[in-house]
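If you're matching them up, the sequences are chains A and B in order. Just so you know, full-length UniProt numbering puts 459 at position 459 of the first sequence, and the rest follows in order with no gaps. Just so you know, full-length UniProt numbering puts 78 at position 78 of the second sequence, and the rest follows in order with no gaps.
Source of the hints: derived by calculation from the structure; they are not laboratory data.
Pair by pair, the computed Cβ-Cβ distance ranges are: (1) 14/B - 99/A: 34 to 44 Å; (2) 291/B - 203/A: 31 to 41 Å; (3) 219/A - 100/B: 41 to 51 Å; (4) 262/A - 153/B: 20 to 30 Å; (5) 432/B - 203/A: 50 to 60 Å; (6) 470/B - 124/A: 22 to 32 Å; (7) 138/A - 73/B: 12 to 22 Å; (8) 239/B - 79/A: 47 to 57 Å; (9) 398/B - 139/A: 50 to 60 Å.
For glycine and all other residues, C-beta sits at the position ideal for the given N, C-alpha and C.
So you can see what is in the structure, the chains are spelled out below.
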Amino acid sequence: MSARTAQQLVEEVLAASTADGCVAYVVESTEANLRWASNSLTTNGAMRSRQVVVVSFVDGGAGMAAGTVARTGTPDVAALVAASEQAARDAGPAEDAVPLLSEVPPGAGDWDADPAETSIEVFTEFAPALGEAFGAARGRGDLLFGYAEHSLTTTYLGTSTGLRLRHDQPSGRVELNGKSTDFSRSVWSGVGTRDFRDVSVPDLAADVERKLGWSQRRVELPAGRYETLLPPSAVSDLMLYAYWTMEARDADEGRNVFARTGGGNRIGDRLAQLPLTLRSDPAEPGLETATFQVVGSSSGAASVFDNGMATPAVDWIRDGVLTNLVRPRAWALRTTAPAVAAVDNLVLESPDGTATQDEMVAATDRGLLLTTLWYIREVDPQTLLLTGLTRDGVFLVEGGEVTGAVNNFRWNESPVDLLGRITQAGRTERTLPREWNDWFTRAAMPPVRVPDFNMSSVSPAS
Amino acid sequence: MPQPRDVDESFLALPLSALTEAALTRAVDLGCEHADLRVERIRTQSISLRDARLEALTDGEDLGLAVRVVHEGTWGFAAGVVLTAAEAVRLAEQAVAVAQVSAAVASDRVELAPEPPHEGSWVSAYDVDPFEVPDAEKTGLLTEWSERLLAADGVEHVQSGCTHVKEQKYYADTAGTRTRQQRVRIHPVFDALTVDRATGAFESMRTLAPPVGRGWEFVTGGHWDWDGELAEIPELLREKTKAPSVDPGRYDLVVDPSNLWLTIHESVGHATELDRALGYEAAYAGTSFATVDKLGSLRYGSPLMQVTGDRTVEHGLSTIGWDDEGVEAQRWDIVRDGVLVGYQVDRNTARLGGMTRSNGCAFADSPHHVPVQRMANVSLQPAADGPDLAGLIGGVGRGIYVVGDKSWSIDMQRYNFQFTGQRFYRIEGGELAGQLRDVAYQATTTDFWGSMRAVGGPSTYRLGGAFNCGKAQPGQVAPVSHGCPAALFEGVSILNTVQEGGR
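Please work from the sequences and hints to get the whole structure.
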């Protein structure tokens, strides 16, 4: 596509650098998507982009400073390097300054190979299958809505300390929403994927059809605390919020839910009654992700000085006990604690979690079975109280069977508090977070049982 | 008199005519009934400081082009980053290929509401381009102000920063429209945090300064009282930490425009997007209770409620010259005397909604994304002879005055919402009687707007807004402003957020 390859651009930037240190990375990305509404395709697209990012490190005498400049396409290398060096000189010493890494992390990829790509052809089998599902839905008098997306990003990271790292990241997601023609009944099914070869439109359509069937009988219930079965998607959206809050520095400074009263953080505290483990692993089958960090901008969770840092498997909560928090190297040095990088996947599991969601329904005398959660926002950071809605299927379970669909609710709950109240976790399976899948698609979660989920008020939405 | 600005020469120097000729000619040759080309360059700088020390300074520029076609009644879209005629031709071909893959499973026929061709340039109202101010000057001022806040008694941490954006856009279509636009926006934020180690409690308070369609002069030029706001935050924060926890129940609320803009955004702005009402966002952003069959009859709120949509207000974040389908910026009524009378539309949904012309609400957040219907500046009009803030508060026996936005959430049909704020004050006998803690207000849209008993006068009117309104798949963000006066709402449900958490 361009005269110069990503690898050549990285080398040109590093060669042009006059700073005390330099990190350059190029992200080559391709994406294809289809969107549909009311049994018909609506928008779609095929996109290709390249981002070039330069982080310069300049020692102004009082300490190392950093500046980041990013451009799309094939920018003028000299101008880009000069701009990032100027930004670093203007910045003043960085609090997160530590020497750049030179140790090669495991799984660094084939530097010389061309970037991986996707295209609209990834949907060659998916699109006709979707067309058949539209036809079947039309025949039943139902409407299908949804979205499918596949992307491939190849990142080439080079540093002035000699690292040359490459990672290919395929990501994909499908959401299928079924409605009755008057929109009064609405259900959802979704899945994450690496390559769409494991996506079965008939399976998704069957799940939607089953839930629309459950919705034939409508039951009105008031707000209140209910025994509630949360399916893997709902669990993932709650656990992701807890994960994104797991910053050691915030906890150490007393300003998040993982802060210990009196000082320090809550590592070592039991958060869950059950021996639940919340973990990330770049090698998790089906959820594979980068084995090293790529950081364009420092925050409490990551540092530009940590580019190339290995991201090994990590347990955040082990057997119910808070075990790790995300900690850039500089803060690790300040607090004599291990540096821990966030990983782009998340797994929750229980050693005795064998029950399927259907088995958990069968073991429920009376309770609610949710489908997904929506519009999740933080209400109180001190307890990590979140608010949100139930969406696309709240089902009443009576005597071990689904007996109807209930109105939606606004809920107020803290995922950290919920961990302590989960009384059963089933079998962990790959799932798609409904709320957060724009940012996060690699999750595996169990369905869980909560005896007293707080449904704060009724939502008339369907 | 300053000369009216033109779009930057460095953007106009891009091969816009050659790309247009290449893309549109190829699209027409391939049988497209409509084709458009967008070339966009978006510069974004984010400066963030943690405890008055620079945490990150990132400067990004996104330059690319996109071709969108209607081919045999089906959309096709392709985007790239190489600005050559050959790439423009390739994108036109790829957009047609995408339309052909889609055609097999598309039954809706795309037809665009007509729009006369336009030719011209438009630049938003700003004085100082933030990208022409040296970085050291920007970070220096942010650091100095953060230090001032951090030095105050009781303030343990300060999170602060500024994001500014310069958006340049060229649009050309097969009807002959050729437009060049440039706009600038800025959002400085300072958030003070206090921590009580002994109890584990922490509390924060953020500046109310909204994001605006202005340049660096918003920071330095007397448009906002930064000195005053930074000086009062520590004492307000101290008062908040010592305030009593609210008793849940029903209260009359006086809602300040610094909070009400977001309630308007969520419960009126999104609910009156025609693509949502028609179901195009049904699987993602959601639908709307304000369905098309209710246009002209739905009682949205009390007869005092007058809401307009516009893309024209000076310094508004969704203000433009022409939208991303070449439609001229307009202003129109959405709610008149409490009744739903209008929607926000793009050219395809205008036709589906039986309208003869789009009101110019198509927007794509980058050259990589397809334009979708996005929000205009949706604003609640003040009452010409309405009371000032003291007058509104003076009319309340027992109530709460809500200031500043914080947490927000609303359901997928825009009925049930819950909001918190930066500060809540008890109102007793028409007077403010100190702050309250742990407050959230919860309501159903039409109940809430139906309970609006008084609308403040022009002296209470402010423009609020956000940079980060999300919609569509793939996800897009859009900036938007909302003007509103302070207003009084009767008998709104107040929750205690600590009790909600089961404590």
